[in-house]
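Visitor: If you want the building blocks of each chain, they are given just below.
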Amino acid sequence: MSALDTPPVTTLDLDAQGLRAVNSALQAAPDGARFAVAGPGGRHAIAAGLHAAIEVDVLGHAGYYCAGMNQAATVRVHGNAGVGVAENMMSGRVEVHGSAGQSAGATAHGGLLVVEGDAAARCAISLKGADVVVKGSVGHATGFMAQTGRIVVFGDAGPALGDSIYETRIYVRGTAEDLGADCVAKEMRDEHRAELAALLAAAGAGDADPGDFRRYGSARTLYHWQAP
Amino acid sequence: MCGIAGLFARSPAVERELGALLAGMLEQLADRGPDSAGVALYRDPVPAGAAKLSLLRSGPEREDWAALAERLGGATVLADHGDHAILRVAGDAGDARTWLSEHAIDVSVIASGQAIELHKRTGRPSALLDGCGIRAMSATHGLGHTRMATESRVTTAGSHPFSTGEDLCLVHNGSLSNHNRVRRELRRRGIRFATDNDSEVAAGYLTWRLLEGDTLAQALEASLEDLDGFFTFAVGTRDGFAVLRDPIACKPAVMAQTADWVAMASEFRAIATLPGAADAEVWEPEPARVYSWSREGVTA
Numbered sequence: 000m001s002a003l004d005t006p007p008v009t010t011l012d013l014d015a016q017g018l019r020a021v022n023s024a025l026q027a028a029p030d031g032a033r034f035a036v037a038g039p040g041g042r043h044a045i046a047a048g049l050h051a052a053i054e055v056d057v058l059g060h061a062g063y064y065c066a067g068m069n070q071a072a073t074v075r076v077h078g079n080a081g082v083g084v085a086e087n088m089m090s091g092r093v094e095v096h097g098s099a100g101q102s103a104g105a106t107a108h109g110g111l112l113v114v115e116g117d118a119a120a121r122c123a124i125s126l127k128g129a130d131v132v133v134k135g136s137v138g139h140a141t142g143f144m145a146q147t148g149r150i151v152v153f154g155d156a157g158p159a160l161g162d163s164i165y166e167t168r169i170y171v172r173g174t175a176e177d178l179g180a181d182c183v184a185k186e187m188r189d190e191h192r193a194e195l196a197a198l199l200a201a202a203g204a205g206d207a208d209p210g211d212f213r214r215y216g217s218a219r220t221l222y223h224w225q226a227p
Numbered sequence: 000m001c002g003i004a005g006l007f008a009r010s011p012a013v014e015r016e017l018g019a020l021l022a023g024m025l026e027q028l029a030d031r032g033p034d035s036a037g038v039a040l041y042r043d044p045v046p047a048g049a050a051k052l053s054l055l056r057s058g059p060e061r062e063d064w065a066a067l068a069e070r071l072g073g074a075t076v077l078a079d080h081g082d083h084a085i086l087r088v089a090g091d092a093g094d095a096r097t098w099l100s101e102h103a104i105d106v107s108v109i110a111s112g113q114a115i116e117l118h119k120r121t122g123r124p125s126a127l128l129d130g131c132g133i134r135a136m137s138a139t140h141g142l143g144h145t146r147m148a149t150e151s152r153v154t155t156a157g158s159h160p161f162s163t164g165e166d167l168c169l170v171h172n173g174s175l176s177n178h179n180r181v182r183r184e185l186r187r188r189g190i191r192f193a194t195d196n197d198s199e200v201a202a203g204y205l206t207w208r209l210l211e212g213d214t215l216a217q218a219l220e221a222s223l224e225d226l227d228g229f230f231t232f233a234v235g236t237r238d239g240f241a242v243l244r245d246p247i248a249c250k251p252a253v254m255a256q257t258a259d260w261v262a263m264a265s266e267f268r269a270i271a272t273l274p275g276a277a278d279a280e281v282w283e284p285e286p287a288r289v290y291s292w293s294r295e296g297v298t299a
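Protein sequence lines, in the order shown, are assigned to chains B and G.
Position one of the first sequence corresponds to residue 0 (numbering that gives the first Met the number 0), numbered consecutively onward.
Position one of the second sequence corresponds to residue 0 (numbering that gives the first Met the number 0), numbered consecutively onward.
Take the hints with a grain of salt, since some may be wrong.
[To be verified] Simulated coverage check for chain G against chain B, where a stretch passes if three residues somewhere in it have a Cβ under 8 angstroms from a Cβ of chain B:
hint	stretch
1	101-108
2	273-282
[To be verified] Listed next, the in silico DSS-like pairs over lysine-lysine satisfying Cα-Cα at most 30 angstroms (straight line):
hint	chain 1	residue 1	chain 2	residue 2
3	B	127	G	250
4	B	134	G	250
5	B	134	B	185
6	B	185	B	127
[To be verified] Using C-beta positions, here's what the derived DEER-type ranges look like:
hint	chain 1	residue 1	chain 2	residue 2	range
7	B	31	G	149	46 to 56 angstroms
8	G	249	B	223	26 to 36 angstroms
9	G	280	B	89	30 to 40 angstroms
10	B	50	G	30	22 to 32 angstroms
11	G	280	B	12	22 to 32 angstroms
12	G	188	B	186	51 to 61 angstroms
13	G	217	B	52	48 to 58 angstroms
14	B	52	G	149	36 to 46 angstroms
15	G	278	B	17	23 to 33 angstroms
16	B	200	G	278	26 to 36 angstroms
Rather than coming from a laboratory, the hints here were simulated on the basis of the structure.
Keep in mind that this is a model prediction, so the values were computed, not measured.
Positions of the beta carbon are idealized from the N, C-alpha and C atoms, including for glycine.
Excised from the complex, chain B in its bound form (with noise of 0.2 angstroms):
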């Protein structure tokens, strides 16, 4: 697409419109719509429930909820998002230029959600599919029982990383002293390699080096009844 092609942004004023007329316009908008929605304050499920590859530049801090459910749609925070940012996720793309609250990603399918600051506790629980590369350290009991998708953490992991976790696979930068029950730290085979290269690349940190990270996984030692 030209710069001729490109449409103009659309301003939103979260402040003078309210959420409701805002979230209205964004999910009424068609492919390549583009958006700066103003004002955020903290509000809750800003651009929540987007179905159309359009972008959306959230010009602050949001609340809980931001970008839930989001298909399709890229939206970017410039500043943190409050609980469960981008939650049940299931295709497209978030980004925090900040730092993310409790559950983001939480429950999403697909997509991928980049958090350029630090995620706290329960980042991606119960993941379902999505990607997930938080550039800070996470939280406790990041991962918790994450069925599938990728969790890649630059920093350090908390507490309780991976507690019950199914087959996501996770990959950690910095320290992860504490492993929940049943993640184990498993070999980086050159599938692993490549597969983080791709993830970093996505996430716009192609420099960083996939061998510096390590990956933790389960030990399908949960999967199956074991009599005491």
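Chain B is fixed; fit chain G onto it per the hints.
Guide: Quick look at chain G alone, frame taken from chain B:
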């Protein structure tokens, strides 16, 4: 659910506006708990040898606070809000408490100290904020709470903040699961409780630890061992306030600071109402870590 907010002034301008700013924060959190509201403001400290009492009448009749002040001997009414009042007494707060417990059994002391003034009432925050003129008050710092009752009845006595000692008070978002056992233990050790509220037990616990010689930080650290349940606590002190979340940290908390103020709240939207919030440093307090603000700055 419940919502909590704290604001600490670092500039004279914010000090002058503190009541209005804290009120604005609390109104943003009203959806988290419309049952009751409470505000503790630290303002106009009285000199040593005098004390301020925040008093609540439990009976249905209106208290004649001026007459009570006269009977108390040398006390003056600083603020009369009908159901509750702020009195200044000459001498020791403990003596006044004793006198009140013997001569005014329908009146309870909900806070005492040099600087603290505590207001609480059932209903939405705006009713308390307007009814008590909170928005016009200056203060060095303050705490607010908006309650969604889960563990005990909706009454003024069961509303937050709860006093935990001289110039100390506590607000709580969460629920404690072992409060009955801890209350029994603390009663054996001489701590008195006015309600069956779980948060009052947390306040009583801190009071007990402080009486045992703990610093506030030590008392909060100890609470991580002894209190079972979900909590984000904010504790107001003479010089500032402290914040603690339980190790699981299900209950939200956000902190922020600029050159002019430091703030904590259940949600960022409360902090977003403050001047300069867009450029503030904002972070989420870590679980099981004591943060405190005082005149000396932030420590954690």
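Visitor: Tell me the hint numbers this structure goes against, listed in increasing order.
Guide: Structure breaks hint 1 only.
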